[in-house]
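Given these sequences and hints, build the entire structure.
Number of protein chains: 2
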Amino acid sequence: MTSPLRLGIAGLGTVGTGLVRIVQSHGDLLAQRAGRPIEIVAVSARSRTRNRGVDISDYDWEDDPVALARRTDIDVVVELMGGENGPAKALTEAAMAAGKHVVTANKAMLAIHGQELAEAAEAHGVALRFEAAVAGGIPVIKTLTEGLAGNRITRVKGVMNGTCNYILTRMEDAALPYETVFEEANQLGYLEADPTLDVGGIDAAHKLTLISAIAFGVRPDFDAIALEGIERISIEDIRAAADLGLRIKLLGVAQMTGRGLEQSMTPCLVPAESPLGQLKGGTNMVVIEGDSIEQVILRGPGAGEGPTASAVMGDVMDIARGFRLSVFGQPASTLEAPISAKAMGSKPWYMRMGLLDKPGALAKVAEALGSAGVSINRMRQYGHQDTRAPVLIITHKTTRDAIDHAIALALKTGVVIGEPVVMAIEED
Amino acid sequence: MTSPLRLGIAGLGTVGTGLVRIVQSHGDLLAQRAGRPIEIVAVSARSRTRNRGVDISDYDWEDDPVALARRTDIDVVVELMGGENGPAKALTEAAMAAGKHVVTANKAMLAIHGQELAEAAEAHGVALRFEAAVAGGIPVIKTLTEGLAGNRITRVKGVMNGTCNYILTRMEDAALPYETVFEEANQLGYLEADPTLDVGGIDAAHKLTLISAIAFGVRPDFDAIALEGIERISIEDIRAAADLGLRIKLLGVAQMTGRGLEQSMTPCLVPAESPLGQLKGGTNMVVIEGDSIEQVILRGPGAGEGPTASAVMGDVMDIARGFRLSVFGQPASTLEAPISAKAMGSKPWYMRMGLLDKPGALAKVAEALGSAGVSINRMRQYGHQDTRAPVLIITHKTTRDAIDHAIALALKTGVVIGEPVVMAIEED
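Here the protein sequences come in this chain order: Y and U. Letter 385 of the first sequence, counting from 1, is numbered 384 in numbering that gives the first Met the number 0, and no numbers are missing. Letter 365 of the second sequence, counting from 1, is numbered 364 in numbering that gives the first Met the number 0, and no numbers are missing.
Certain hints may be false.
Treat identical chains as interchangeable: a pair holds within one or across any two.
Unchecked claim - Once the Cα atoms are required to be at most 30 Å apart in a straight line, the calculated BS3-like pairs of lysine-lysine come out as:
(1) K411 <-> K363
(2) K363 <-> K396
(3) K346 <-> K279
(4) K341 <-> K396
(5) K411 <-> K88
No lab work stands behind these hints: they were computed from the structure. Since the model is a prediction, treat every value here as computed from it, not as a measurement.
Written as structure tokens, this is what we have:
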């Protein structure tokens with residue numbers, strides 16, 4: 000048996016603890032599979048004394064993660080501290096400069112600094128792996144870069160934030176308003192310290208940024224994603240969707256078009272009977288379409304100690320086995336600067352808006368939509384609430400541009416209260 | 000850019016043609032991803048002149064596949080001829096002996112001769128890869144051996160034969176008897192030349208053999224699989240399942256127990272609303288459970304030119320990138336001789352049997368079941384057909400042993416006509 004692969008772990012929260020547990024409990028299995036032992040040499044975290052339920056007394060302790068990264072007795076630094084800048088980035092850069100491979104679960108850091116870090120990894124001849132950063136335990140990065148490497152990927156879509164999916168599912172199942180379920184999720188510890196990362200779609204958009212880079216050979220470009228969270232989804236929207244045989248999901252979509260790369264992370268309506276529509280609770284799902292594969296769907300836990308540690312461990316095993324791959328599946332220098340495109344496809348849209356409870360208000364909105372060339376398929380006015388009359392509209396297929404134009408015209412009529420909720424209906 | 004990876008392809012049926020198409024159309028993309036060009040040097044097939052819709056005139060032609068395997072100007076032999084013995088095996092052995100890597104889609108060959116071929120691959124220091132042999136385009140081998148390499152796998156189950164799933168789905172949707180749908184599938188070209196390979200479950204059991212070896216670190220042992228095909232499933236069974244909120248699937252299950260490895264490929268009833276129950280037509284699905292990952296589900300096309308060629312190409316890309324992995328994910332010498340175990344778990348069962356239309360027949364069967372300790376949850380007697388009264392029984396949870404005993408006792412009563420249809424209800 001060859002020399003052990005020696006790990007230094009920075010960050011001993013849920014995922015770090017899970018990784019320690021796997022290495023400690025599965026030593027023989029891992030060695031047999033990797034052809035060499037996997038050993039933890041040193042760790043670094045905020046608190047040395049916190050009880051994590053695993054014994055870390057055999058490992059060297061480093062107060063400073065950068066010092067961990069520079070140790071001469073480790074081969075791989077596992078970065079599980081999080082945060083797009085600060086210590087995580089300093090650690091990653093120091094580790095690569097010192098010739099160490101890095102495995103990270105840090106989607107924010109890679110979505111923002113991915114190109115720079117990929118170039119550094121290649122310059123130093125080390126691996127930078129991040130399976131755990133995208134869709135928790137689901138091996139979506141490996142599937143895209145390796146299993147489907149013979150395909151030109153045509154589209155990737157998916158549910159990539161379990162907390163949002165939990166909230167939307169729970170609103171439907173328990174007929175509860177957004178605010179109540181949000182508070183429940185908070186009590187259950189499902190939300191990030193800054194909940195906007197979850198419900199604002201930012202966390203999911205970080206993941207989509209990495210998927211896009213790999214799937215389409217472009218530089219990671221978080222700012223190019225059309226982003227909208229789930230904060231404005233109401234129980235009325237959930238019910239209206241159900242009436243139509245649809246369900247609301249925070250859906251990421253990335254596809255290459257003749258005009259450039261379309262990327263969006265927005266609430267959408269999908270058929271309730273489709274695999275995406277059937278996805279309940281905190282589970283994630285990624286649907287990959289390629290020119291040879293047709294369609295492959297991956298589904299699994301998007302977070303949690305075991306699943307995320309499993310993804311980290313998969314990357315560690317690849318490194319132990321000597322697999323070497325460019326960070327985004329092809330050399331960083333060959334990644335193209337993405338040309339962002341607005342969605343040009345024609346699809347049906349869902350709108351909910353509050354109208355002033357005045358005669359002719361509905362007619363004015365209908366006229367505004369007509370002027371923008373948006374044709375109405377179904378319209379329903381609900382029972383009045385105070386002086387506000389909620390209206391639901393399903394359009395015939397049209398473009399995002401036409402919808403934006405229609406909304407602008409509707410707002411000009413003066414009969415619309417507040418900002419309308421607008422969602423694409425993703426049928427296929 | 001480093002030296003090209005040179006392929007020799009043996010077999011130019013659907014999959015081989017698909018592979019040629021990918022290499023020809025995606026040259027730049029493949030080279031960028033692999034870091035080196037992928038080239039086809041030579042091909043061998045039954046007919047040199049058949050029109051396949053791709054131009055093979057640039058490639059050397061070999062009448063004898065073994066001669067192809069021995070050429071000094073190729074690095075990888077792609078075996079797409081099929082058949083567990085004969086030319087495919089001779090070619091594979093010759094290629095490995097000549098120091099070539101082999102990529103194959105041949106599940107029968109590996110399910111029967113896997114251990115011997117894995118040992119040969121390791122002795123010659125070459126790769127033997129077979130992603131395309133299991134579940135078509137779905138990267139299930141890669142997911143198990145690499146992405147989930149940090150897990151102790153606890154169970155794998157799935158639908159692994161698209162033709163059987165097509166037949167069962169079509170019987171339900173069109174309310175057609177087995178024989179009619181079988182004939183349709185035959186007309187559509189969905190069936191193997193020997194249809195028993197499909198409807199007898201043999202093809203799917205070959206795949207399960209390979210999955211078991213990888214998931215549980217045992218030698219491939221096709222004979223250990225409890226095997227039953229779908230030939231005896233009737234429209235009555237389909238309807239009865241639907242009435243219970245269940246669907247019939249030819250389901251492969253492999254799990255390690257305290258007594259050994261349980262492996263079965265049999266028709267089972269699964270909840271209609273579950274991911275497996277929702278699977279329609281020719282699609283495949285593999286559900287993987289591990290101690291860290293909890294559950295990951297992979298779904299995609301189980302056959303076809305594009306998807307299967309995509310899987311072959313994924314293996315070729317791994318070889319081009321220099322990835323080297325033991326054939327079954329760990330050295331062949333460390334694979335354990337599997338101890339086969341009969342399913343010991345307790346679950347509900349479905350039975351359909353024809354009874355003589357005589358007073359007391361039903362009571363005799365009920366008594367037989369009771370004597371075997373099998374308790375009946377529901378029983379339904381259908382309208383008589385001639386002198387035969389079909390009876391459906393759903394039992395409370397019990398073991399396979401108890402069910403076998405109950406059936407034996409029921410047959411002894413002399414009131415049962417023919418062989419009962421017995422299926423497990425797999426609820427979780």
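* Against the earlier hints, flag every one the structure doesn't satisfy and list their numbers going up. => 5
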